[in-house]
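This note's numbering puts the first residue of the sequence shown at 1, with every later residue one more than the last.
Hints in this document: simulated from the structure, not taken from any laboratory. Treat each hint with caution, since some may be false.
[What the hints assert, rightly or not] DSBU-like, lysine-lysine: derived pairs with alpha carbons at most 30 angstroms apart:
id : residue 1 : residue 2
1  : 94        : 174
2  : 3         : 350
3  : 50        : 40
4  : 219       : 231
5  : 40        : 63
6  : 161       : 350
7  : 243       : 174
8  : 40        : 219
9  : 40        : 3
10 : 300       : 50
11 : 330       : 219
12 : 78        : 63
13 : 243       : 205
14 : 219       : 243
15 : 174       : 231
16 : 231       : 50
17 : 94        : 40
18 : 40        : 78
19 : 205       : 300
20 : 174       : 50
21 : 300       : 63
22 : 94        : 63
Remember, it's a predicted structure, so these values are computed and weren't measured experimentally.
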Amino acid sequence: MFKLRIIFTGGGSAGHVTANLILISRLLQEQWEIHYIGSKHGIERQLIGKIPAVHYHAVATGKLRRYWAWANVSDVFKIILGVLQAYLLILRIKPHVCFSLGGFVAVPAVMGARWNRVPVLILEPDLHPGLANRLSRRYAQMMCTTFMDTATFASSKGSSKTMYVGPVIREELKLGSRARGIHFCRFVSDRPILLIMGGSQGSEKLNRMVLETLPELLKRYQIIHICGTGKLNSSFPRFAGYKAFEYVHEELADLMAMADMVVSRAGSNAIHEWLLLRKPMLLIPHANGGSLVGQTLNAKYFQERGYARVLQEEELTAQTFLRNIDLVYKERDHMVGHMRASGTDNAVDKVLQLIRTTVSSVERAEHE
1 MFKLRIIFTG GGSAGHVTAN LILISRLLQE QWEIHYIGSK HGIERQLIGK
51 IPAVHYHAVA TGKLRRYWAW ANVSDVFKII LGVLQAYLLI LRIKPHVCFS
101 LGGFVAVPAV MGARWNRVPV LILEPDLHPG LANRLSRRYA QMMCTTFMDT
151 ATFASSKGSS KTMYVGPVIR EELKLGSRAR GIHFCRFVSD RPILLIMGGS
201 QGSEKLNRMV LETLPELLKR YQIIHICGTG KLNSSFPRFA GYKAFEYVHE
251 ELADLMAMAD MVVSRAGSNA IHEWLLLRKP MLLIPHANGG SLVGQTLNAK
301 YFQERGYARV LQEEELTAQT FLRNIDLVYK ERDHMVGHMR ASGTDNAVDK
351 VLQLIRTTVS SVERAEHE
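Modelling step: build the complete structure from the supplied sequences, incorporating the hints.
Set out below in structure tokens:
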């Protein structure tokens, strides 16, 4: 039986994989043959490797740093090797299309696809395109954007290869149950619940702040603390009303459903999930590395629209942390009102239709 073939790529953080997982799930239902190109030990391998029907291929990858480091020299050679490996893989697989969610691990796959004359589509999750997607965009047929302002800005610069689709998010999160979440955590239903999470890789600084302020927080809130893989240890206290997890899988929708408010990093995927669920947010964007610009602008965008308050990491102290959490809780009804008025876009169907249209266009061109 003839199957359409697609290569997905993206990684370095869960935010550069999650939307791919959503699209993969839908395409598997349509009997596509799916391949994924990523790094050997990255989080993308951990997440994609759990799907038996997806063929995972590891290539050499190098980080794209904006600052001088000796590692930049060796990483150039890793990127070149990764591009060659991806080129040979794609030559053998002969996919109909390549779809990239960005991150430094995606660059070799995008370049390898382009050199094989395979059409490339990109999804930019952040308001401000990351370096990997800015480099990859020149090889792409189209870059889809999560934020309307990203597409508007690109159009004002004369780019016709950008299309706004909206956030690609997991609709099943709406199926979470507050009652199941409360039962799972053994919480009570008549005290507010605060969910704190520092992103897929956790945040050492945020974790330390939670532990420092926990006695004070527990006077007013019950706490769910998702601290990141490998970040939970025996030093974490065990108090009534406080539950700490490294990472949550099956129960995540229930924990999100029962939260009255959230403290979070400002990764695009996470904050759009909170918006979908109408959860008031305190956002603490990353203050270093490649996430600096992207998360800061994401957070500012949400604050300007009344969905969240923002606390910059350099301003993070026990006093500012506690004060801003209390302010979000006091303003929660106002924030939820803004979220209800935000509207939603069916991004998953838009992206899938673009993938199908791209493949059909290539097939027509080949037969002409």
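Worksheet item: Looking back at the numbered hints, which does the structure fail to meet, lowest number first?
Response: Going through the list in order, the structure violates hints 1, 8, 10 and respects the others.
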